[in-house]
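Colleague: Single-letter residue listing:
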Amino acid sequence: MTQVHETRAPAAHDHHAPAPPRRGLEHLTGPGYLRALWLTPLFWGIGFGIVVFFRWLGGYDPLLDWDVLTVVASMTTAPVGFLAGIGAFDYWLYYISGRPTRPEDHSGHGARTWHDYFRVNTDHKVIGVQYLTAVFVFFVFGGLAAMLFRAELAQPDLQFVDGQAFNGLISMHAALMIFLFIIPAFAGLANFAVPLMLGAPDMAFPRLNALSFWLLPIAGIMFLTSFIAPGGAFGAGWTAYPPLATEQPMGQLFFNMGVQWAGASSIMTALNFLVTIITMRAPGMTFWRMPLLVWANFTTSLLVVVATPFIAGSQFFIMFDRIMHTNFFTVGEGGYALAYQHIFWFYSHPAVYIMMLPGFGIISEVIAVFSRKPIFGYRLMALSLMAILVLGFSVWAHHMFVAGMAPWLRVPMMVTSMIIAVPTGVKVFSWLATMWEGRIRMRTPMLFALGFVSMFVLGGLSGIFLASVPIDIAASDTYFVVAHIHYVLFGGSVFTIFAGVYYWFPKMTGRMYDERLGRLHFWLAFIGFNGTFFPMHWVGLQGMPRRVSDYAEQFGDWNMVITIFSFLLGASTIVFFYNIIVSWTRGEPAPSNPWRALTLEWQVSSPPPIFNFDEVPQVVGGPYEYGVPGARHAVLNGAHVTTEVREEEAVR
Amino acid sequence: MRRGSIVRLIVYGVLAGTAASLVAVFVPWLPDSASEEMDRIVFTFWFTTVICIGIFAIVAAVIMYCVLKFRAPEDDDADGPPIHGHTGLEIVWTAVPAVLVTAISVVSAVVLAKNDDAGDNPLRIGVTAQQFAWSFEYPGEGDQPLTTGRLVLPVDQAVKLTLHANDVIHSFWVPEFGQKSDAVPGIETTLVITPTKVGSYSVVCTELCGLGHAAMRAAVEVVERPEYERFLEEAAAGGATQGTDGEEIFTSAGCGGCHAFEPAGTDAQVGPSLDDLAASAEAAGEEPAEFVRQSIIDPDARIAEGFQAGVMPKTYDRTLTDEQLDALVQYLLEGGGG
Numbered sequence: 001m002t003q004v005h006e007t008r009a010p011a012a013h014d015h016h017a018p019a020p021p022r023r024g025l026e027h028l029t030g031p032g033y034l035r036a037l038w039l040t041p042l043f044w045g046i047g048f049g050i051v052v053f054f055r056w057l058g059g060y061d062p063l064l065d066w067d068v069l070t071v072v073a074s075m076t077t078a079p080v081g082f083l084a085g086i087g088a089f090d091y092w093l094y095y096i097s098g099r100p101t102r103p104e105d106h107s108g109h110g111a112r113t114w115h116d117y118f119r120v121n122t123d124h125k126v127i128g129v130q131y132l133t134a135v136f137v138f139f140v141f142g143g144l145a146a147m148l149f150r151a152e153l154a155q156p157d158l159q160f161v162d163g164q165a166f167n168g169l170i171s172m173h174a175a176l177m178i179f180l181f182i183i184p185a186f187a188g189l190a191n192f193a194v195p196l197m198l199g200a201p202d203m204a205f206p207r208l209n210a211l212s213f214w215l216l217p218i219a220g221i222m223f224l225t226s227f228i229a230p231g232g233a234f235g236a237g238w239t240a241y242p243p244l245a246t247e248q249p250m251g252q253l254f255f256n257m258g259v260q261w262a263g264a265s266s267i268m269t270a271l272n273f274l275v276t277i278i279t280m281r282a283p284g285m286t287f288w289r290m291p292l293l294v295w296a297n298f299t300t301s302l303l304v305v306v307a308t309p310f311i312a313g314s315q316f317f318i319m320f321d322r323i324m325h326t327n328f329f330t331v332g333e334g335g336y337a338l339a340y341q342h343i344f345w346f347y348s349h350p351a352v353y354i355m356m357l358p359g360f361g362i363i364s365e366v367i368a369v370f371s372r373k374p375i376f377g378y379r380l381m382a383l384s385l386m387a388i389l390v391l392g393f394s395v396w397a398h399h400m401f402v403a404g405m406a407p408w409l410r411v412p413m414m415v416t417s418m419i420i421a422v423p424t425g426v427k428v429f430s431w432l433a434t435m436w437e438g439r440i441r442m443r444t445p446m447l448f449a450l451g452f453v454s455m456f457v458l459g460g461l462s463g464i465f466l467a468s469v470p471i472d473i474a475a476s477d478t479y480f481v482v483a484h485i486h487y488v489l490f491g492g493s494v495f496t497i498f499a500g501v502y503y504w505f506p507k508m509t510g511r512m513y514d515e516r517l518g519r520l521h522f523w524l525a526f527i528g529f530n531g532t533f534f535p536m537h538w539v540g541l542q543g544m545p546r547r548v549s550d551y552a553e554q555f556g557d558w559n560m561v562i563t564i565f566s567f568l569l570g571a572s573t574i575v576f577f578y579n580i581i582v583s584w585t586r587g588e589p590a591p592s593n594p595w596r597a598l599t600l601e602w603q604v605s606s607p608p609p610i611f612n613f614d615e616v617p618q619v620v621g622g623p624y625e626y627g628v629p630g631a632r633h634a635v636l637n638g639a640h641v642t643t644e645v646r647e648e649e650a651v652r
Numbered sequence: 653m654r655r656g657s658i659v660r661l662i663v664y665g666v667l668a669g670t671a672a673s674l675v676a677v678f679v680p681w682l683p684d685s686a687s688e689e690m691d692r693i694v695f696t697f698w699f700t701t702v703i704c705i706g707i708f709a710i711v712a713a714v715i716m717y718c719v720l721k722f723r724a725p726e727d728d729d730a731d732g733p734p735i736h737g738h739t740g741l742e743i744v745w746t747a748v749p750a751v752l753v754t755a756i757s758v759v760s761a762v763v764l765a766k767n768d769d770a771g772d773n774p775l776r777i778g779v780t781a782q783q784f785a786w787s788f789e790y791p792g793e794g795d796q797p798l799t800t801g802r803l804v805l806p807v808d809q810a811v812k813l814t815l816h817a818n819d820v821i822h823s824f825w826v827p828e829f830g831q832k833s834d835a836v837p838g839i840e841t842t843l844v845i846t847p848t849k850v851g852s853y854s855v856v857c858t859e860l861c862g863l864g865h866a867a868m869r870a871a872v873e874v875v876e877r878p879e880y881e882r883f884l885e886e887a888a889a890g891g892a893t894q895g896t897d898g899e900e901i902f903t904s905a906g907c908g909g910c911h912a913f914e915p916a917g918t919d920a921q922v923g924p925s926l927d928d929l930a931a932s933a934e935a936a937g938e939e940p941a942e943f944v945r946q947s948i949i950d951p952d953a954r955i956a957e958g959f960q961a962g963v964m965p966k967t968y969d970r971t972l973t974d975e976q977l978d979a980l981v982q983y984l985l986e987g988g989g990g
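Going down the list, the protein sequences come from chains A and B.
Residue numbers for the first sequence follow this note's numbering, so the first one is 1 and each next one is one higher.
Residue numbers for the second sequence follow this note's numbering, so the first one is 653 and each next one is one higher.
Honestly, the hints are just simulated from the structure, not real lab data.
A few of these clues could be false.
Taking lysine to aspartate or glutamate pairs in the EDC-like style, the calculated list, with each CA pair at most 20 Å apart, reads [claimed, not checked]:
no., chain 1, residue 1, chain 2, residue 2
1, B, LYS766, B, ASP727
2, B, LYS766, B, GLU873
3, B, LYS812, B, GLU873
4, B, LYS966, A, GLU333
5, B, LYS812, B, ASP950
6, B, LYS721, A, GLU247
7, B, LYS849, B, GLU688
8, B, LYS812, B, GLU881
9, B, LYS966, A, GLU247
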């Protein structure tokens with residue numbers, strides 16, 4: 001029997017005592033919000049000074065150009081000041097300046113009280129929870145934006161908001177949900193689970209990990225504050241095509257820069273995952289013994305590292321066209337408007353896999369555990385992830401079938417887009433085969449997993465329609481596309497995030513969530529989701545374009561139906577938040593392995609000890625050997641490993 | 653697998669397939685086709701739908717069967733059988749979908765080639781998009797094209813549209829014609845349409861182009877050949893389409909997309925109402941015609957209370973001639989009645 005550690009190792013605390021209490025001025029100079037409070041304006045001032053000095057030097061008029069000042073002072077140097085203030089750079093600066101770095105001081109590692117979740121912390125488990133909490137805050141803002149514009153769209157004509165506000169709301173909804181909810185939510189879940197699953201004490205670069213997290217709130221606040229910028233929030237859609245985007249009010253700069261901060265966070269996290277997965281696997285954890293969640297994050301991280309710089313570049317081009325008067329996309333001056341779309345989609349198509357592959361990983365864990373069966377075709381599951389990774393880079397122009405790009409590019413892009421359905425289909429069929437003859441438990445994570453499979457299949461099928469060029473020409477830029485994207489991103493990604501949150505909730509918090517509320521949440525979300533997005537398919541094909549604040553009378557009835565169901569969908573998340581908050585504070589204590597799962601994170605206490613494993617686990621088999629008599633994934637207590645197993649390992 | 657299970661699985665599959673087929677048949681998914689191109693798109697759509705219903709039925713049947721048949725009781729803690737895979741099955745569900753998507757690709761590629769082919773002698777019409785209006789250029793006498801604010805097409809005649817954009821990206825779509833293409837500043841895009849039904853339709857802009865995007869529409873009429881000839885003659889003879897009629901310019905320049913103006917019957921609220929411009933001019937202490945003219949060519953010079961600068965395009969001094977501006981100013985001040 002695998003040894004289970006029910007208590008945190010007290011020894012860890014003795015060696016890593018908290019830093020000594022601060023005295024007098026140390027409150028202002030030590031890392032924390034007080035220091036951030038004066039460093040942020042100081043750095044803003046430095047940015048301001050740099051701009052004004054160079055403009056004065058070059059004789060530019062006007063001296064105070066607020067577009068430039070906002071970008072440099074408010075959105076570059078001030079956030080750096082904030083990060084320095086809270087202590088994200090302390091260790092590195094100590095190291096650079098030759099001061100003692102105190103490597104033994106782990107005061108910023110692990111959470112002892114809830115205050116620790118609001119500080120720079122290097123513990124991957126704390127960072128995972130920080131990610132999830134933060135992204136759900138942005139999920140609420142993104143959701144409220146959706147509720148507002150759905151209220152506006154309930155009837156034809158304008159009722160509640162004007163054109164700029166409407167365009168701002170739709171752009172904000174997409175930007176928040178993509179860059180500050182789905183992508184970082186997966187980063188958060190993986191941050192918590194991957195090192196545990198690998199048998200590692202933490203991520204490879206814990207300080208980088210902390211920094212990656214703290215870039216996110218900066219990006220989110222940047223997006224949200226664009227509402228108070230003169231002229232309103234960025235209103236060119238999340239795709240921000242020029243020339244419209246270069247001509248937008250100042251709010252567009254907040255999008256350009258927010259994407260940089262969120263993108264930097266993504267890239268740093270991805271590098272961290274790659275190094276962690278390659279170098280920090282426990283003894284015996286070969287690539288073919290890694291849980292599929294780890295495989296999924298490995299492929300996703302490869303995607304992020306290659307693709308994300310492209311969106312960073314595309315937003316810099318837009319911004320430079322505006323504030324530095326470059327001509328990347330200025331048509332009259334030799335710019336080429338379509339170049340943006342090629343660069344943008346070269347990121348943003350892989351981005352849909354960045355938003356989907358980690359979800360595939362979560363679903364593989366959940367379905368195997370709750371069906372009590374090994375994953376069907378484990379190696380093909382891992383290989384299909386790699387196939388999607390490679391193919392994902394060859395399909396970007398299917399977003400541009402009507403954009404006026406070179407006509408010969410359409411058929412090849414259609415063929416690759418169609419073929420990418422094959423590895424995706426392999427995954428779906430393998431999940432179904434995993435459930436076949438299983439002993440299925442319909443707990444909340446499993447409900448969301450099944451909801452995901454069925455909704456994702458519908459989203460995948462509407463994707464086939466959009467891959468076919470002639471159909472796409474009719475359906476492009478209509479509500480059919482809106483329906484498709486929500487079937488894959490809400491019915492797909494968001495359902496997997498919910499599945500993951502419910503699945504690891506006992507491990508993260510040490511408490512069980514309320515099962516009945518979990519089921520209620522699922523059914524409300526499932527019904528609300530389908531009622532909202534299914535009618536959009538035909539509303540779009542019949543002639544309703546996307547991103548319109550007003551539409552023809554004939555679509556009025558269906559839009560009313562859609563709006564009512566969208567409010568139900570919104571209400572379902574209230575159930576979720578209530579369940580999570582109440583269970584976190586007062587839930588029943590969770591055992592270390594409530595789901596009787598085999599992967600490593602379930603073999604330690606809930607929540608896990610501060611350095612995860614008191615002894616390095618020895619991996620001896622695959623992660624999903626349910627039903628195999630005597631099989632085990634890992635042995636945690638070294639003393640219990642038989643010499644035969646060790647020798648067997650040595651041979652491998 | 654027992655025979656009973658197979659029968660049950662097939663029953664579920666038929667149920668799911670029937671439900672999906674009913675949704676496919678009874679919901680009006682597509683607008684009534686009014687062009688040859690849309691006919692082919694409709695064919696591709698149903699070809700794909702049939703395949704998709706089949707896949708959906710299989711997936712739905714397996715999920716339903718698993719949930720109903722393999723659900724374990726609460727107190728059960730047994731594991732399922734340790735099945736790790738089945739190479740034959742994995743090959744089948746890799747190969748069969750590959751064949752199906754290849755079939756859809758082939759059909760789509762053939763349809764695309766046909767839909768791009770305008771034949772030997774299409775009617776060529778230029779389409780110009782700007783915030784937030786469409787205008788159409790018919791080949792006229794000599795070099796001077798005939799410019800109109802509505803699109804009139806002869807029935808059963810292949811038309812090749814050449815699209816331009818003056819400011820930002822727009823997209824030309826008539827749902828009943830199926831075909832769609834972006835109009836991109838700096839490049840020329842084309843679109844082939846062969847209308848098959850006489851009637852009135854609407855051009856819809858489908859690419860977010862700014863505040864008046866939702867209102868960027870234009871009328872399309874498909875008419876019989878003689879009527880089309882008459883339309884061209886009227887256009888050539890000056891008539892309402894020559895481009896110096898204030899009301900026509902108001903429509904073709906897209907003013908109504910953003911502004912309320914009672915004589916034109918528009919009620920949009922993106923920009924200020926144009927119903928009492930004389931009073932506004934007086935309040936600003938300027939001569940009315942000069943005030944209105946300047947507000948059109950340099951909209952940020954004076955901003956009405958409650959509205960923002962930078963919203964209205966600053967392109968009208970380039971896109972309208974002096975005569976057209978005069979006509980528009982006169983129309984705005986006198987409301988067509990003058």
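Colleague: Confirm or reject each hint.
Modeller: Do the hints match the structure? See the list:
no. : hint                   : verdict
1   : B/LYS766 with B/ASP727 : violated (62 Å)
2   : B/LYS766 with B/GLU873 : violated (24 Å)
3   : B/LYS812 with B/GLU873 : holds (16 Å)
4   : B/LYS966 with A/GLU333 : holds (18 Å)
5   : B/LYS812 with B/ASP950 : violated (35 Å)
6   : B/LYS721 with A/GLU247 : violated (59 Å)
7   : B/LYS849 with B/GLU688 : holds (10 Å)
8   : B/LYS812 with B/GLU881 : holds (18 Å)
9   : B/LYS966 with A/GLU247 : holds (11 Å)
In terms of the numbered hints stated before, the structure departs from hints 1, 2, 5, 6, listed from lowest to highest.
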